[in-house]
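Undergrad: Since the structure of chain A is provided, determine the placement of chain B on it from the hints.
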Amino acid sequence: MSDEAPDNDEQVAIGSGQGDAGREALRSELEDLLGAAVVDSHIQEGQNLWLRVEAGRWQDVARSLKGAGFNYFGFLSAIDWTVAPEGRYEDTEFDAGLDDDDAEPVAIDNTTGHAGGDTRFQLLMQLHAPARGAAVLVKADVPDDAPVIDTLRDVFPGADWHERETHEMFGIGFTGHPQLVPIYLPTEFEGHPLRKDFPLLARHVKPWPGVVDIEEIPEHLEAELEAAVMAEFEASGGGE
Amino acid sequence: MTATSDQAQRAYVAAQAADARVNVELDTGDMTLNIGPQHPATHGTLRIACQLDGEQVIMAEPIMGYMHRGYEKLCEVRTYPQCTTLINRIDWLGSFANEVPFILAAEQLMEVEAPPRAQWIRTILFELSRIANLALFLGDMGVQVGALTPVFFAFRDRERVLNQIEAATGGRFHPNFDRIGGLKDDLPKGWIDETRAVMAKMRGFCDEMEDLLVGNEIFQTRCRGVGVIPADVALGYGLSGANLRASGVDWDLRRDANPGLAWNEIDWRVWTHPDGDSFARYWVRLQETREATYMVEKLLDGLPGGPIMAKVPRIIKVPAGEAYVSTENPLGEMGYYVVSKGDLGPFRVKIRTPSFNNISIVPWVMKGVYVPDVITILGSLYFILGDIDR
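For the record, the sequence lines run as chains A and B. Under numbering that gives the first Met the number 0, the residues of the first sequence are numbered 0 to 239, in order. Under numbering that gives the first Met the number 0, the residues of the second sequence are numbered 0 to 389, in order.
Just chain A, with the same shape it has in the complex:
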C-alpha cells in the first residue's frame, strides 16, 4: 500500500550526464587503475567512453572495474569486422567465394571502430557504475588464431548467458565456462550465424525486392540525383 513507500530521497542522482569532463576524469582514473592492460581509449563527445584492453587481461580488467564501482553488468557481445560490402544486399558472389578454399582471404577492417582494433573478432562489454552514475564500454581483440578468451562468469554471473550467446553466434570460446551449450539455436545447428561469412539463406532463395525504401529512379537521372542528394547530405553536415 502506498503508505509503505520507502524513502529514497536521500540518494542523490549523479547521472552519467556528468559530461565529457567527467568522462575525461574517468578515463584517466581507469587508465591508472588498469595500467598496461589498456591498449586504447576513446571518448565520443556527449556519448560514451570506450576502453580497449588486452585480451589476456580480460578477467583482471573486469575484476578491477568491478572493484572500482562498475558492478552493474550491462551486456556482452562481439563484433565481426570482416569487410563484406557486397555482402550486404545481393550477396551471392561474396558468399560463393567463401566456400572456395582457394579464394583470397577476406579483408578485415576495424579501423572505423572507436578505440581501434587489430583482429577480426572484437569482444564488447558494457558496465554501469550506479553509485557514480557512469558507464563504460570495454572492448578486447580476440586472437585470430585461437578465438578464445577467459570467462567473466565468476565476476558477473549475468555474463553466463551472454557468453553462451556469443559462443554460438560468433564461435568465440570462453575458457572456464562450464556449460557453453547453445542458447537459441537447435543442438544440431552448424555454423555461427552472426559471423559475416555466414550466408543469410533467405536472401539467396528470394532476392530482396528493395534496397532503398523509396521509388525507383529512372536510369538516366540516377547519377544526377545521387549527386544532388549527396550534396544536400554534405551540406546538412551529415558527412562529417
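These are calculated hints, taken from the structure and not from any lab test. Here the structure is a predicted model, which means the values were calculated and not measured. Glycine included, every Cβ here is placed at the ideal spot set by N, Cα and C. Hints are not guaranteed to be accurate.
[Unchecked claim] Residues on chain B that point at chain A, a partial pick, calculated with CB under 8 Å:
#, residue
1, G64
2, E71
3, Y236
4, G237
5, P312
6, Y323
7, Y336
8, S359
[To be verified] Quick look at which bits of chain B chain A covers, simulated, 3 or more residues with Cβ under 8 Å:
#, segment
9, 245-256
10, 340-350
[Said to hold, decoys possible] Simulated coverage check for chain A against chain B, where a stretch passes if three residues somewhere in it have a Cβ under 8 Å from a Cβ of chain B:
#, segment
11, 43-50
12, 65-72
13, 123-130
14, 173-186
TA: Only chain B this time, still in chain A's reference frame:
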C-alpha cells in the same frame, strides 16, 4: 451389498494397500517438470525445465529459442528506416519504446537532432507504451496467483491507451512512427484532451489494482518474501527496470542517463522498494504506471510548438562510427549498439534487451522455491518472449 461383492471389495482394498507398500519402497528420486513452452506465465513460448525434489525446485533452467528470429543478422541486410519495422516486434507490448533508442543511436551517428516538439511527443508516446505494457502486467499478475478479475480490467483499460497510440500513430501494436530526425506526423486534433481523460481513467485502474491485489491478503501471502533478489545479485546479473528498483537500487536511465528526450524537463520521481521480493516488483510497477500517467499529463502541459522533423537527406546514409544508446523501457534497459560503416544500413546491431538479463537470474532465484511460487516469480519478473529471443 452381497457377500461376494463385499469380499471383492476387501480384496481390492488389500491389493491397493499392497501396491502402496510397494510404492513406499520405490525410488522417489528427483522429478523433472517442464513448465511451458505453453503457459500463461511465459508470455510467449518459454520452457522452464525444473528438477523437483517433492514440491521443491532444486534446479530450474529456462530453455529459449522457440521464437528466435535473428533480428541482429536481419538488421545487417536492411537500411536504417527498414530496421524499425523489425525492432517494433521485439517487445510487442511496448513497441514505440523499442524504436526510440535505435533511432537515437542513428541520430547520434548522423549528428542530427530532432526538434523539441518531436522529442516531447516521443516522450509522451514512450510513456503511453509504458502504461499500456505495465497495465497488462498489473492485471496478469493476478492470474498467476489465481485471481481472474484483474486481467479483464487490465485488458479493458489498456485498450483505451492503445486507442490513443493508434490515433496518433496509426498502429496499435507496431506504430513504426519514429523517424531519424523526428516523427512521421504531428498529433491529431483533439488528441491531447482525449489523452488527458484516458490518463485519469488509468489512474482509476491503478487504484482498482491496488484495492484488488496489493491490499489482498491472499496476494500478499503468495508474493511477500517470495523470490527475494538482493541488490548485489541483481546488479551482477544485470537486472534492469522495475526488477532492479524493487531490489532497492535507485537507478533509472530516464533520470540517470537520459539520451535527450524530455524526461528531465518535468518533475517526477523514481520509485524503489527495499524488499526485492515478488510483491516489491508488483508494487514498484504499480507506482511506475501511476507516475507515468502524471508524467504524460505534465508533458502534454508543456508540449512546445514547432516542426516535428529535422532536415534529413532523402536517402539516409549514416557516417562510419559506433554508438550505444539505451533507454528505460517498460521492461528495463533496452539498448542498441550500432556499428556503421557509412552505408545505407548498419554494419552490426547488438540489441541489448531487458528480458534476456532479467530471465538469466531464473536459475539463481528459483533454487529451493516451491512449485506454485515458480509461477508467481516468473510472473513478477515480467518478461516478453520476443524481448528474450529477439
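Undergrad: Checking against the hints above, which ones are violated?
TA: Hints that this structure does not satisfy do not exist here, as all of them hold.
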